[in-house]
Structure formats: structure tokens, C-alpha cells
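**Q** Sequence:
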Amino acid sequence: MQGLRGIRFWVAFCLLALLHGAAAAALAHDSADPRLRLGHGLQVFEDKSAQLDWQHLPSAGAQWQTIDREIPHFGYSNSAFWLQAVVRNNAPSAADRLLEIAYPLLDDITVLLVNSGGQVVQHYHTGDGAPFRDRVVQHRLFLFPLSLQPGQDYRLLVRVESTSGLQVPLTLWEPRAFLDHDTDRQAALGFFYGALLVMVFYNLFIWLSIREKSYLYYVIFVLFFSTLLASLDGFTYQYLWPDAVWWNGRSVVVTLCLALGMSMVFSQHFLHTERYNPLMNRLLSVYVVVMALMTLGGLVFPYRIMIVITLVLSMGVSLTIITTGILNWRAGNRAARFYVLAWACLAFMVVLYDLSQLGFIPKSSLTNIGIQIGEFCEVLLLSFALADRINIARQERMDAQDKALAEERRANAEREEHLRT
Numbered sequence: 028m029q030g031l032r033g034i035r036f037w038v039a040f041c042l043l044a045l046l047h048g049a050a051a052a053a054l055a056h057d058s059a060d061p062r063l064r065l066g067h068g069l070q071v072f073e074d075k076s077a078q079l080d081w082q083h084l085p086s087a088g089a090q091w092q093t094i095d096r097e098i099p100h101f102g103y104s105n106s107a108f109w110l111q112a113v114v115r116n117n118a119p120s121a122a123d124r125l126l127e128i129a130y131p132l133l134d135d136i137t138v139l140l141v142n143s144g145g146q147v148v149q150h151y152h153t154g155d156g157a158p159f160r161d162r163v164v165q166h167r168l169f170l171f172p173l174s175l176q177p178g179q180d181y182r183l184l185v186r187v188e189s190t191s192g193l194q195v196p197l198t199l200w201e202p203r204a205f206l207d208h209d210t211d212r213q214a215a216l217g218f219f220y221g222a223l224l225v226m227v228f229y230n231l232f233i234w235l236s237i238r239e240k241s242y243l244y245y246v247i248f249v250l251f252f253s254t255l256l257a258s259l260d261g262f263t264y265q266y267l268w269p270d271a272v273w274w275n276g277r278s279v280v281v282t283l284c285l286a287l288g289m290s291m292v293f294s295q296h297f298l299h300t301e302r303y304n305p306l307m308n309r310l311l312s313v314y315v316v317v318m319a320l321m322t323l324g325g326l327v328f329p330y331r332i333m334i335v336i337t338l339v340l341s342m343g344v345s346l347t348i349i350t351t352g353i354l355n356w357r358a359g360n361r362a363a364r365f366y367v368l369a370w371a372c373l374a375f376m377v378v379l380y381d382l383s384q385l386g387f388i389p390k391s392s393l394t395n396i397g398i399q400i401g402e403f404c405e406v407l408l409l410s411f412a413l414a415d416r417i418n419i420a421r422q423e424r425m426d427a428q429d430k431a432l433a434e435e436r437r438a439n440a441e442r443e444e445h446l447r448t
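For what it's worth, this note's numbering labels the leading residue of the sequence shown as 28, then goes sequentially.
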């Protein structure tokens with residue numbers, strides 16, 4: 028029996044060793060790929076104390092979980108998360124690579140490249156909790172240059188901690204491939220923001236001509252929402268306030284609350300809710316006051332608390348605005364047609380983004396750019412709605428004039444008939 032137990036022990040030990048070796052092999056990524064996404068096969072460890080350094084991390088085992096999705100996402104958490112992968116350079120010469128973390132809102136990032144001998148050969152520490160000028164590469168996203176020696180295996184460790192939603196899209200780039208990709212990406216974003224500015228100036232000129240308040244509120248709303256999106260994309264921190272660390276940490280909540288509040292003010296004036304639906308008009312007024320208080324709260328209270336409350340409120344705002352548009356459309360306000368379609372497009376994408384941020388659905392490329400797609404459609408359709416409203420008002424004035432002329436002709440005819448009689 029003793030011999031049988033010993034055999035069983037060694038068989039189990041060998042099986043565990045084979046499984047451990049297979050798991051380690053699954054982590055190895057060949058750096059020869061010019062664009063290597065590290066999401067699939069990445070291992071993650073949650074440090075709930077947020078105090079551990081890399082040398083005190085547990086060895087590979089049950090405490091490390093393997094990720095099998097494109098973008099690792101952990102919702103809102105007070106923990107620090109360690110991510111690790113093995114990167115192998117099979118080329119006969121040294122390889123320079125760029126590690127990209129394509130999420131600009133992470134507060135604290137540490138990147139370690141450890142060689143097979145257990146020595147840290149490269150170390151970086153940054154995040155949006157530090158001035159923009161402290162970044163190794165001056166880019167809106169987080170970029171870290173890595174140098175991989177030929178025939179070497181490296182342990183890549185990334186530690187992230189943030190008050191924002193924790194998502195860590197990791198990609199290892201060959202520098203030229205990154206430059207080509209980033210040029211196309213920046214051009215697409217430039218087209219998007221340029222289109223928003225064109226719509227802002229176009230409708231601003233119309234407001235200066237006709238002094239219709241709906242156009243002014245539309246312009247202010249688009250400006251606030253564009254600033255929000257630019258903050259989410261990292262452009263505002265790079266170009267507008269690179270040294271304002273405190274404000275950068277609160278700008279997302281503040282601009283989101285301002286955009287939501289202005290969207291309801293615009294809705295009240297555009298839909299004439301006081302005339303067509305007094306109950307919804309009062310509800311929108313309450314939401315405006317709430318958003319004003321949330322804006323002030325965003326400057327005082329912790330970011331994580333305020334952003335979660337604001338994301339939940341934004342879902343309610345979207346539902347209220349769309350419901351108001353439908354009710355006013357049914358009440359005879361034809362101008363609400365394009366309005367309902369515009370807000371439905373944006374609301375769908377906003378809800379999709381909010382659910383991904385709160386961790387209810389997985390992060391993906393679609394959820395990351397969903398708000399941009401929804402906002403572009405919404406801005407375009409709202410511009411059509413404003414033009415349609417002006418056309419409807421013009422047509423109503425013409426119909427009223429025609430009716431007045433018809434009444435005048437009828438009155439004249441009756442007067443002439445009376446005189447003849």
C-alpha cells in the first residue's frame with residue numbers, strides 16, 4: 028500500500044506539473060506579430076489591499092485568473108489589478124516594441140518587464156493622476172517602449188488602479204505598425220470632431236440670424252458633449268489642460284452633468300413641452316435642477332461615487348427625453364419626428380456604454396466607440412429636426428396667412444352681397 032500511494036503521489040505531481048507547464052506556455056506571446064493583442068490568455072491577480080509590489084505577488088495558481096476576452100474589464104473597484112503575460116522574442120536580433128494601453132482614464136499604471144533571471148530590465152510608472160508631461164511618450168493614450176533581446180522570454184507585468192471604470196486594452200505594437208494604425212485612427216477622430224464643430228458653427232450662425240433659442244441650446248449641448256467625448260479620448264488632457272491634474276480627474280463627471288442638463292433644457296424649448304405636455308415639462312425641470320446639483324457635487328465629492336450616480340441618472344434622462352418626444356409627437360408636434368430618432372440613436376449607444384462601464388456587459392471596440400457613433404448620428408439628426416421645425420413653423424405661418432386671406436375674401440364677399448341686397 029505504501030508503494031501504491033507513492034506511485035499515485037508522483038503521478039498526481041507529474042500531472043500537476045504538466046498542467047502548470049501548459050498554463051505557462053499558454054501565456055507566451057510571440058513578439059514577431061506587428062500587432063499583438065494581449066487580452067486573450069492574459070492572467071490577472073486582484074490585490075484588494077492595493078499594497079503589494081511585484082516581488083510579493085503569489086506564484087501562478089488559483090489566485091491568478093486567466094482572461095479570455097479582447098479587453099480586460101473589472102468595473103469600478105478599490106482594488107489594484109496585476110496583469111501578466113510572457114512575451115517571447117524568437118527573432119535573431121533585438122526587437123523594439125510599444126506597449127499600448129488604450130484607455131486614457133486610468134489613474135495609476137506601473138509597467139515592469141522582467142527577464143528570465145528575475146531582474147527588472149524596464150520599469151515605468153504613470154497615469155492620468157500625474158501631469159501629462161511626465162509620460163514617456165507624449166500621446167493621449169499610454170505608450171511604453173519595450174526592448175526585447177533575441178531568444179529571450181520576458182514576464183510582462185502591468186499594475187493598474189483607478190477611480191474610473193477599470194478597463195485595460197493591452198496591445199504590443201511594432202513601432203511602424205503602430206504609427207500607421209494611429210495615423211488612421213487620429214484621422215478618423217479628427218473627422219468626427221471636425222464634423223461636430225462644423226455643426227456647432229453652422230447652427231450658431233443660424234441662431235445669430237433668427238434668434239431662435241433652440242439653436243443656441245443645441246450649440247451649447249453639442250459643445251459640452253464634444254468636450255466630454257474629447258476627455259474620454261484623452262485629447263483634453265493632452266491639449267487643453269495638461270497640467271491641471273485635479274480638474275482632469277473631475278472633468279468627465281462635470282461635463283457629463285452639464286451635457287445632460289443642457290440636453291433637457293434644449294428638449295423643453297424644442298418640443299414646447301410646456302404647451303404639449305406640462306407634466307413631462309415639470310419632470311424635465313426637476314432633472315435640470317438635479318443635474319445642476321450633480322455638477323456642483325462633481326467638484327466636491329469623490330469621483331467614483333459621482334460617476335456611478337451620474338451614469339445611472341443618464342439612463343433615466345435618456346428614457347425621459349425619448350418618452351417626452353414620443354408623447355409630444357402623438358400630441359400633434361410634428362417637429363418631434365427627427366428628435367425621437369436622434370435621441371434613440373444616442374440613448375442606445377449611451378446605455379450600451381454605461382452597461383459596459385458598470386461591468387454588466389463585456390467591453391469591446393463597439394462599446395468603446397459607441398458614444399461617438401451615437402453622438403454623430405444624434406447631432407446630424409437634431410440639426411435636421413431643427414431645420415424641419417423651422418420649415419413646419421414657416422408652413423404654419425403660410426397656412427395661417429392663407430386662412431386669414433380666405434377669411435378676408437369671404438368677409439368682403441359677404442359685405443358686397445349685403446350691399447347689393
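Hints were generated in silico from the structure; no laboratory data involved.
Warning: the hint list may mix true and false statements.
With a straight-line Cα cutoff of 20 Å, these simulated SDA-like cross-link-like pairs (lysine to any residue) come out [unchecked claim]: (1) 240 to 229; (2) 75 to 115; (3) 430 to 411; (4) 240 to 302; (5) 75 to 119; (6) 75 to 90; (7) 240 to 86; (8) 240 to 225; (9) 75 to 86; (10) 240 to 250; (11) 240 to 442; (12) 75 to 137; (13) 75 to 135; (14) 75 to 59; (15) 240 to 134; (16) 240 to 104; (17) 240 to 220; (18) 240 to 295; (19) 75 to 113; (20) 75 to 107; (21) 75 to 191; (22) 75 to 104; (23) 75 to 60; (24) 240 to 226; (25) 240 to 103; (26) 430 to 440; (27) 240 to 410; (28) 75 to 149; (29) 240 to 332; (30) 75 to 63; (31) 75 to 106; (32) 240 to 430; (33) 240 to 415; (34) 240 to 219; (35) 75 to 331; (36) 75 to 332; (37) 430 to 447.
**Q** With reference to the structure, classify each hint as holding or not holding.
**A** Now the hints, each set against the structure:
1. 240 to 229: holds (15 Å)
2. 75 to 115: The given pair, whose Cα atoms are some 30 Å apart, is violated under the 20 Å limit.
3. 430 to 411: violated (28 Å)
4. 240 to 302: holds (16 Å)
5. 75 to 119: violated (41 Å)
6. 75 to 90: Measuring from Cα to Cα gives roughly 12 Å; hence the hint holds.
7. 240 to 86: Roughly 63 Å between the alpha carbons, so the hint for residue 240 and residue 86 is violated.
8. 240 to 225: holds (19 Å)
9. 75 to 86: holds (17 Å)
10. 240 to 250: Holds, at about 16 Å.
11. 240 to 442: Roughly 43 Å between the alpha carbons, so the hint for residue 240 and residue 442 is violated.
12. 75 to 137: holds (16 Å)
13. 75 to 135: holds (15 Å)
14. 75 to 59: violated (35 Å)
15. 240 to 134: violated (40 Å)
16. 240 to 104: Since the Cα atoms of residue 240 and residue 104 sit roughly 42 Å apart, the hinted pair is violated (cutoff 20 Å).
17. 240 to 220: violated (24 Å)
18. 240 to 295: Holds, at roughly 11 Å.
19. 75 to 113: violated (24 Å)
20. 75 to 107: The given pair, whose Cα atoms are some 6 Å apart, holds under the 20 Å limit.
21. 75 to 191: Status holds; Cα separation ~16 Å.
22. 75 to 104: holds (9 Å)
23. 75 to 60: Not satisfied, since the Cα-Cα distance of roughly 34 Å exceeds 20 Å.
24. 240 to 226: holds (16 Å)
25. 240 to 103: At roughly 39 Å apart (the allowed maximum being 20 Å), residue 103 and residue 240 break the hint.
26. 430 to 440: holds (15 Å)
27. 240 to 410: Given that 20 Å is the threshold and the Cα spacing comes to 14 Å, the pair holds.
28. 75 to 149: Not satisfied, since the Cα-Cα distance of roughly 25 Å exceeds 20 Å.
29. 240 to 332: Cα-Cα ~34 Å, so violated.
30. 75 to 63: With Cα atoms ~29 Å apart, residue 75 and residue 63 exceed 20 Å; violated.
31. 75 to 106: holds (4 Å)
32. 240 to 430: violated (28 Å)
33. 240 to 415: holds (15 Å)
34. 240 to 219: Measuring from Cα to Cα gives roughly 26 Å; hence the hint is violated.
35. 75 to 331: Cα-Cα ~17 Å, so holds.
36. 75 to 332: Cα-Cα ~19 Å, so holds.
37. 430 to 447: violated (26 Å)
Checked against the numbered hints above, the structure breaks hints 2, 3, 5, 7, 11, 14, 15, 16, 17, 19, 23, 25, 28, 29, 30, 32, 34, 37 and satisfies the rest.
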